[in-house]
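Protein chains in written order, with this note's numbering: chain A, 8 to 306; chain B, 5 to 310; chain C, 46 to 361.
In short, the hints are calculated from the structure, not lab data.
Glycine included, each C-beta is placed from N, C-alpha and C at the ideal position.
There could be a bad hint or two in this list.
[Claimed, not checked] BS3-like mimics (lysine-lysine), calculated; alpha carbons at most 30 Å apart, straight line:
no., chain 1, residue 1, chain 2, residue 2
1, A, K154, B, K195
2, A, K85, A, K193
3, A, K76, A, K126
4, B, K195, A, K181
5, A, K154, C, K73
6, B, K195, A, K76
7, B, K195, C, K73
8, B, K109, B, K190
9, C, K73, A, K126
10, B, K190, A, K148
11, A, K148, B, K9
12, A, K240, A, K85
13, A, K181, B, K190
14, B, K190, A, K154
15, B, K190, C, K73
[Unchecked claim] Okay, the calculated beta carbon distance ranges per label pair:
no., chain 1, residue 1, chain 2, residue 2, range
16, C, Y249, B, Y302, 28 to 34 Å
17, B, F64, C, D321, 18 to 24 Å
18, C, S183, B, G114, 51 to 57 Å
19, C, R356, B, I62, 54 to 60 Å
20, A, D124, B, L90, 46 to 52 Å
21, C, Q61, A, E84, 20 to 26 Å
22, C, F268, B, Q59, 52 to 58 Å
23, B, P239, C, D321, 26 to 32 Å
24, C, D116, B, R305, 54 to 60 Å
25, B, R305, C, V260, 43 to 49 Å
26, C, S183, B, E117, 21 to 27 Å
27, A, D299, C, V260, 29 to 35 Å
28, C, W106, B, Y302, 48 to 54 Å
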Amino acid sequence: MVAIGTNGWNTEPLGGMMNFQENIDAPKTKPLALMKQPDPTRPEQAQVERSIIEVQDVNFYYGSAHALKSINIEIPEKKATAFIGPSGCGKTTLLRCLNRMNDLILNTRLTGTVQLDGKDIYDSSTDVINLRRRVGMIFQKWNPFPKSIYENVVYGLRIVGINNRGFLDEVAEKSLRRAALWDEVKDNLSKAATDLSGGQQQRLCIARALAVEPEVLLMDEPCSALDPISTAKVEELIHELKDTFTIVIVTHNMQQAARCADRTAFFYLGELIEIGDTAKLFTAPEQRQTEDYITGRFG
Amino acid sequence: MDISKQTIEKHLSGNRRFDAFFTVVGLLSTFVGMITLAALLFDLASDGLGRISPQFFISFPSRFAAQAGILSAWVGTVLVMIVTALAAIPMGVGAGVYLEEYAPKNWLTGLIEINIANLAGVPSIVYGLMALGLFVYQFGFGQSVLSAGLTLALLILPIVIVATRESIRAVPLSMREAAYALGATKWQTTKDHVLPYSMGGILTGVIIALSRAIGETAPLITIGALTFIAFLPDPPIKGTFPFISFDWLWSPFSVMPIQMFNWVSRPQQEFHLNAAATGLILMGMTLLMNAVAIYFRYRFRKRIKW
Amino acid sequence: MKTSEADAGYLAAQAQVRSIPTNLTVQKIRERAIEFVMFLCAASSIAITCGIVWVLLAESWHFFRNVSLFDFLTDTQWTVLFENPRYGIMPLVTGTLVTSGIALLVALPLGTTIAIYLSEYANARVREILKPVLELLSAVPTVVFGYFALLFITPMLQNVLPDLPGFNMLSAGIVIGIMIIPYVSSLSEDAMKAVPVNIREGSYAMGATRFQTAVRVLIPSAFSGIASAYVLGFSRAVGETMVVAVAAGTQPNLTLNPMEGAATITAYIVQVSLGDLPHGSVAYQSIFAAGLTLMGMTLIFNIGGYLLRKRYREIY
Numbered sequence: 008m009v010a011i012g013t014n015g016w017n018t019e020p021l022g023g024m025m026n027f028q029e030n031i032d033a034p035k036t037k038p039l040a041l042m043k044q045p046d047p048t049r050p051e052q053a054q055v056e057r058s059i060i061e062v063q064d065v066n067f068y069y070g071s072a073h074a075l076k077s078i079n080i081e082i083p084e085k086k087a088t089a090f091i092g093p094s095g096c097g098k099t100t101l102l103r104c105l106n107r108m109n110d111l112i113l114n115t116r117l118t119g120t121v122q123l124d125g126k127d128i129y130d131s132s133t134d135v136i137n138l139r140r141r142v143g144m145i146f147q148k149w150n151p152f153p154k155s156i157y158e159n160v161v162y163g164l165r166i167v168g169i170n171n172r173g174f175l176d177e178v179a180e181k182s183l184r185r186a187a188l189w190d191e192v193k194d195n196l197s198k199a200a201t202d203l204s205g206g207q208q209q210r211l212c213i214a215r216a217l218a219v220e221p222e223v224l225l226m227d228e229p230c231s232a233l234d235p236i237s238t239a240k241v242e243e244l245i246h247e248l249k250d251t252f253t254i255v256i257v258t259h260n261m262q263q264a265a266r267c268a269d270r271t272a273f274f275y276l277g278e279l280i281e282i283g284d285t286a287k288l289f290t291a292p293e294q295r296q297t298e299d300y301i302t303g304r305f306g
Numbered sequence: 005m006d007i008s009k010q011t012i013e014k015h016l017s018g019n020r021r022f023d024a025f026f027t028v029v030g031l032l033s034t035f036v037g038m039i040t041l042a043a044l045l046f047d048l049a050s051d052g053l054g055r056i057s058p059q060f061f062i063s064f065p066s067r068f069a070a071q072a073g074i075l076s077a078w079v080g081t082v083l084v085m086i087v088t089a090l091a092a093i094p095m096g097v098g099a100g101v102y103l104e105e106y107a108p109k110n111w112l113t114g115l116i117e118i119n120i121a122n123l124a125g126v127p128s129i130v131y132g133l134m135a136l137g138l139f140v141y142q143f144g145f146g147q148s149v150l151s152a153g154l155t156l157a158l159l160i161l162p163i164v165i166v167a168t169r170e171s172i173r174a175v176p177l178s179m180r181e182a183a184y185a186l187g188a189t190k191w192q193t194t195k196d197h198v199l200p201y202s203m204g205g206i207l208t209g210v211i212i213a214l215s216r217a218i219g220e221t222a223p224l225i226t227i228g229a230l231t232f233i234a235f236l237p238d239p240p241i242k243g244t245f246p247f248i249s250f251d252w253l254w255s256p257f258s259v260m261p262i263q264m265f266n267w268v269s270r271p272q273q274e275f276h277l278n279a280a281a282t283g284l285i286l287m288g289m290t291l292l293m294n295a296v297a298i299y300f301r302y303r304f305r306k307r308i309k310w
Numbered sequence: 046m047k048t049s050e051a052d053a054g055y056l057a058a059q060a061q062v063r064s065i066p067t068n069l070t071v072q073k074i075r076e077r078a079i080e081f082v083m084f085l086c087a088a089s090s091i092a093i094t095c096g097i098v099w100v101l102l103a104e105s106w107h108f109f110r111n112v113s114l115f116d117f118l119t120d121t122q123w124t125v126l127f128e129n130p131r132y133g134i135m136p137l138v139t140g141t142l143v144t145s146g147i148a149l150l151v152a153l154p155l156g157t158t159i160a161i162y163l164s165e166y167a168n169a170r171v172r173e174i175l176k177p178v179l180e181l182l183s184a185v186p187t188v189v190f191g192y193f194a195l196l197f198i199t200p201m202l203q204n205v206l207p208d209l210p211g212f213n214m215l216s217a218g219i220v221i222g223i224m225i226i227p228y229v230s231s232l233s234e235d236a237m238k239a240v241p242v243n244i245r246e247g248s249y250a251m252g253a254t255r256f257q258t259a260v261r262v263l264i265p266s267a268f269s270g271i272a273s274a275y276v277l278g279f280s281r282a283v284g285e286t287m288v289v290a291v292a293a294g295t296q297p298n299l300t301l302n303p304m305e306g307a308a309t310i311t312a313y314i315v316q317v318s319l320g321d322l323p324h325g326s327v328a329y330q331s332i333f334a335a336g337l338t339l340m341g342m343t344l345i346f347n348i349g350g351y352l353l354r355k356r357y358r359e360i361y
């Protein structure tokens, strides 16, 4: 059995090749079962990887356009999963399905189930408001409210009725620390959020999302509009946050996926082509299309 | 056909000259508006400025032009405007919010929108006729401040609705998405973000709508505003229990534009001076309100950075 | 820096935040109630239209039980308050049409010229001064315009036309025209602005002057929008009340001569309302019949204007 670390790269190339040979005959749906098996030679893997989100046979339509085709995917808990693929492949669409943000768009339809902790979120009895608290979202273009930094961070708590100043202060500090923004803004929390730099505003949005203690954090190309230094800060954040939160990140930047994510899923034209541990996907992909995309033959 | 270089040159220079000529024509046309405005103000001022005095504001109308004043008229305007504002603002903003944030795209919403567009083009006197049949007689409100306020509120409703909708549309989708993604309900998103950020535009629209209502005459004449009243409605605040009275709502009334109309309709020159004075005050109020509205529009537009 | 996630205090706080119930039934009911109230506000527009239609039709029905429709449409005299009343609407209609016609003669050329000037010629500074002036012009109360027509324009015209009576349709028409210039010019300018940039640039690229571009390219392209502006302007002129009530007189007069005074439909309604007519009398009901006629006219123009505007929107 080959050692595949949860964070690191595969350090046994030969072993990797052997695994590659084994898997090449496995049909596409099988890899899920293989991923779940713990490796007895690695004690830390003894705990079973739990999937917090299970997407089963999902098809999504914008009007008559078939945007997602028979998606089956599981998002492991407390890990970072990346969705990669060329423009228009459906990765952002799928991300937005996970917290039902696509409900805001007219004329859309989803078939299949998306289960969070075992319960289908598209069931009619689902409380969408609560869902969006449990599954937070960071957008490509940062969108802090035109209010103060403090008010931005605590908004998520105010809307559920928490107005205790002391408690909100604690939460604000905690969230801003977790978003690695506290030291930069602690002197003036009543400053306007839009006066911050782009990178700071994006981290503010992360702090805002963290304040409601979500279980999953969805990130839609969070660094695509940021400069390299801010990008590095956000990626470092992802590394720290994934111990506490499950993270799903959509990215155009394959190197970013390789840096941040434990698992990566490759999408193309609305279909899930391949999913696997990041290291393996980028060094020894199973599908031809994945390999073509990764090596830059298209995209 | 002669298409030698000379002919073409001649045509081109002719075109250029005409173009320059049209610049002058265009400029002059725009001056028509400015000149009219200036002449209007000048005419009013030359006749009416002399009549404006504190006495003018606190006297009732009278058979003697020199003693007549606009007390009942401006009090009536204030009272009617209170009712108009209290009726039109909630209804107009509520309708605007509903149409922009909540309304599904079905036939009912389409019908509502057609109606609003249509109502904007209905002559104001037809609103007066409707109010006469409905408010004054059918509902039994009588020829009162209440009927007047409601009539004007319905008249300016389309203006408020359109202003509200345009302001709300200017709020970017990203704000709403950010709120929803945190688990806000639709009403929370609307009240915490959409409405506050569009308040500037809404306020501007409301002020412009009210300035239009102040100058309305025809519908109020139709519902029976009196043109000569020598008394004031009951004051809203009384010295005795229960301290607040609503009698003034049911009281007969007059308003400033009607007073002006009454005076200008008389043959005597002296009353025309009074009319000019009233007109000047009306213009002052209208100009002031429009200036305030434009100021608000400018200030709020600059304030919000997305 | 890693926060000590295993810290019990932290986990307790996390659990506390996560456990707050949301979307309780109470909250859901409140959301629905608020939405319903706002829906009623929006739907009130339908109620208002119904109210207008109902009042006009109901009272007119009473009217037409006493007066034949034929007489109403064809009789040439409107003498409702006389001993032997005659109920022909024609004098009021001609009064309305003549004053509105004069208004259009003033407003259409000037409004279109201003629209062309603002759209093609004027620089930003001129526009900054001009637009507020036009806005202010449209904000002036109509009774003030009536005063202006009676006491400024009429005497001015009487210098040129000595036989002009004190009440005449000419001054009223001119002032109404000036009053609706901002309306016509802004709608026309919007129509011209909506023409795609490349069409305008194509014309300039061929060396056409601004006037040629405006007249040969922009106006034909924006024709539906401009025609719609004209039609809507006419509708505004037809519905105008105070200027004619003050300056054109309240004597119904079947004539096409603008130098005479005449009553319009709107002025008649005002005149009756100023008086003391018993509720329920034929004379009282006559104002609703007149109002119905007015409503019919403006409705036709408004629908025409709307259809024209829709047509030009479809092309682009």
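These are the hints, each one checked on the structure:
no., hint, verdict
1, A:K154 - B:K195, "holds (14 Å)"
2, A:K85 - A:K193, "holds (29 Å)"
3, A:K76 - A:K126, "holds (22 Å)"
4, B:K195 - A:K181, "holds (27 Å)"
5, A:K154 - C:K73, "holds (27 Å)"
6, B:K195 - A:K76, "violated (38 Å)"
7, B:K195 - C:K73, "holds (15 Å)"
8, B:K109 - B:K190, "holds (17 Å)"
9, C:K73 - A:K126, "holds (22 Å)"
10, B:K190 - A:K148, "holds (22 Å)"
11, A:K148 - B:K9, "violated (58 Å)"
12, A:K240 - A:K85, "holds (20 Å)"
13, A:K181 - B:K190, "holds (28 Å)"
14, B:K190 - A:K154, "holds (19 Å)"
15, B:K190 - C:K73, "holds (11 Å)"
16, C:Y249 - B:Y302: 28 to 34 Å, "holds (33 Å)"
17, B:F64 - C:D321: 18 to 24 Å, "holds (21 Å)"
18, C:S183 - B:G114: 51 to 57 Å, "violated (29 Å)"
19, C:R356 - B:I62: 54 to 60 Å, "holds (57 Å)"
20, A:D124 - B:L90: 46 to 52 Å, "holds (50 Å)"
21, C:Q61 - A:E84: 20 to 26 Å, "holds (21 Å)"
22, C:F268 - B:Q59: 52 to 58 Å, "holds (57 Å)"
23, B:P239 - C:D321: 26 to 32 Å, "holds (29 Å)"
24, C:D116 - B:R305: 54 to 60 Å, "holds (58 Å)"
25, B:R305 - C:V260: 43 to 49 Å, "violated (35 Å)"
26, C:S183 - B:E117: 21 to 27 Å, "holds (24 Å)"
27, A:D299 - C:V260: 29 to 35 Å, "violated (58 Å)"
28, C:W106 - B:Y302: 48 to 54 Å, "holds (51 Å)"
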